[in-house]
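Asker: Generate the whole structure from the sequences, applying the supplied hints.
Protein sequences, first through last, are from chains P and Z. Every position in the first sequence, counted from 1, becomes a number in our numbering once 188 is added. Every position in the second sequence, counted from 1, becomes a number in our numbering once 290 is added.
Hints are not guaranteed to be accurate.
To be verified - A few chain P residues facing chain Z, derived, Cβ under 8 Å:
no., residue
1, Glu202
2, Glu346
3, Ser467
Derived from the structure by calculation, the hints contain no laboratory data. For clarity, every value in this text was computed on a predicted model and none was experimentally measured. Just so it is clear, CB atoms sit at the ideal spot from N, CA and C, and this is done for glycine as well.
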Amino acid sequence: MYQYDEIDQRLVDERVSQFREQTRRFLDGQLSEEDFRPLRLQNGLYIQRHAPMLRVAIPYGVLAARQLRRLAHIARTYDRGVGHFSTRQNIQFNWPQLAQVPDILAELAAVQMHAIQTSGNCVRNTTTDHFAGVAADELIDPRIYCEVIRQWSTFHPEFAFLPRKFKIAVNGALQDRAATWVHDIGLHAVRDDQGQVGFRVIVGGGLGRTPMLGVLVREFLPLPHLLTYLEAILRVYNRYGRRDNKQKARIKILVKALTPERFIREVETEWLRWKDGPSTLLPQELARIEARMQRPHYASLPAAPSMALQQMLAQQPGLRRWRERNVQAHQVPGYAAVTLSLKAPGQAPGDISAAQMDAVADLSEQFGFGEIRVSHEQNLILPDVEQEQLPALYAALKSWGFATPNIGLLSNIISCPGGDYCALANARSIPVAQAISQRFGDLQRLEEIGALDLNISGCMNACGHHHVGHIGILGVDKQGAEFYQITIGGRQAPARLGRVIGPALAAEQVPDAIERLLEVYLEQRRHEEELFVEVVERIGIEPFKERVYAEERQALCA
Amino acid sequence: MNRTDIAQEMILDGVIVRDPYQLVMSAQDLQALWADLSREAELAQALRDGCGVLAPLTLMQAQKEAFLVLPGRKGLIVQPGDEPESFAAELERLDLIAVDFPLFTDGRGHSLARTLRDHYGFKGELRAQGDVFEDTVHYLARCGFNAFVPRSGVPPVQLLQGFHTFSESYQAAVDCPNPLFLRRILAQREEMPAPAVFTGNTP
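Answerer: Laid out in structure tokens, this is it:
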């Protein structure tokens, strides 16, 4: 992973000093709450239901063992011993004291971490494929470009006070694991006919109150122009994005209002003013970043599993099932990427204790090169595990509760913290997630249902990405009571938005409604490989709707 | 708000100065000023000697010649949403553009400043006024502002603390047209044996 140089370090240190001073002035009454709010948000600090919430950036989801240990230390020292991995590859602490936040930031800076621009109306943490650099289907490793974007966006003086938050995602593999079509900017790293690297540029996707897929604004942007083009997009947005209504302030609304054609024209006109200027990327800079990326030194291993491993897999169904679900193919022969499920039955999705964080840090060193990835699906990944060590790792993961073989299955629920913590939420998410994961805890049943994404958001802001879940659940407020609206047919790749099946349900009705949806699916699917979402596409939402609301209708008619 | 009588303190190029500009807000103000000029020779001299007149963009547009032929320096107050195209033709006759920040979180002025400096090549005074305080001036200065009128209650000296928050920056901006990576590459070139003829510092 990228190692800071002296300037990278100095900048995060100076940020800590700046925020320490701002916090002091706020606590002394020299800075009003109104003025402090945007400043603290740009350091990831929210005021929540119980306490401030601090969101720490994990740039493009890559963590070193010593950084994870530091997060464990922070959880223990400044929080209640727990951290929560978010749906944007960040980690959140729900119980810090405001006065201690500068100290937490100093602790982070000491291990090359920060909370810079993890909130506020600025360019947020750039996200990417959690298997970047190891995925077997990868075309181009996106991490160098993510680091280029991280540096460019950090303290960008022109784009600190945008109309609204701004999220960039980069993907470099065949499969889009970065949800690029639902980001403000989505970039696909690709090669042209001559083998030159560049980007397919998508603008104006997003979830939230007005879910929209992005618009393809450029089929191929050559790599040297990455930053000037991003600046042109941001400048057009900063000048013309709506500021009168928070609900209409994201770039997606601007793209739609202008029409994609006119938006593209504005961006291209702006870009021509800056194209080939000093911000044009040079190969020397990419080489410098590459040199600071500590790459693993892989051993040369046989690609095929040994006889002993094959025997173990044959004899141990638990190990076999876990390998099928939680272990992914690797670019390097003899290695595998292993997902640690933070979705055990009844667990709050994405939550992890300090002891577990330390354990993962140790495991990353024992079974890899001391690197951990954070996925937007709120799981952790050990990216470089020798396949012969899979049985030993499986045993260790089981003892720590990370071996639930449910990656890609229904109980691998994506969920925001919801009303238990978040001040914006209309309803709680975690109890619903827990109820569903308990109801569908039976592994055999999960396997029978097959691949299924279930996503839960506690409000319209859609942090739980409910629109792109095969089944999406949205918490809504009905006269002060929590209700849940169900959408079906959404998917992340290829991106599609789900459709609402009917009136919102009470929390206790939700697991039953899921049962009904699955009944229809299992009856209707043509074969085991046909996904839930594909059945929805084929037969429409009506049969599902019928079944879920049948009992209710009967009750009404009776 | 009429500041005609109060010469307020502000920051210009890193030092505290008295604002030499007087404000004309309306066509009547402008008419009165011309009337004063015809009566008082000293006033015309004062304007030529470095004082100036500042007017909102809308007034300049309505009274273009009456404003632009005033003796001495002329400045415009623009709102963050104003299009630079709407006054670009007059930029050469203007000494000051004052960009209003109704709220410090309204970042349109940042892009406006950058466009005025880097695209239109405006070399005059670029002033940030409105919701300006020490936590906002660093980014504003990077975007090309060289003059700052603090919001009421904030003494100008307090702004001075804000300019050096960060000792380096990654991106190109008006204060530093080359991004960090390009400066590094150029510095490395200079460390190498000097070429026979130095051809400038373009990459």
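Asker: Tell me if Glu202 (chain P) is really an interface residue toward chain Z, meaning its C-beta lies closer than 8 Å to one of theirs.
Answerer: Hint holds; Glu202 (chain P) Cβ to chain Z Cβ min 5 Å, cut 8 Å.
Asker: So, Glu346 (chain P) near chain Z? Judge it on the closest CB pair being under 8 Å.
Answerer: Given a least distance of 5 Å, the restraint on Glu346 (chain P) holds.
Asker: If you take the shortest Cβ to Cβ gap from Ser467 (chain P) to chain Z, is it below 8 Å?
Answerer: Given a least distance of 5 Å, the restraint on Ser467 (chain P) holds.
This entry satisfies every hint, going by the numbered hints stated previously.
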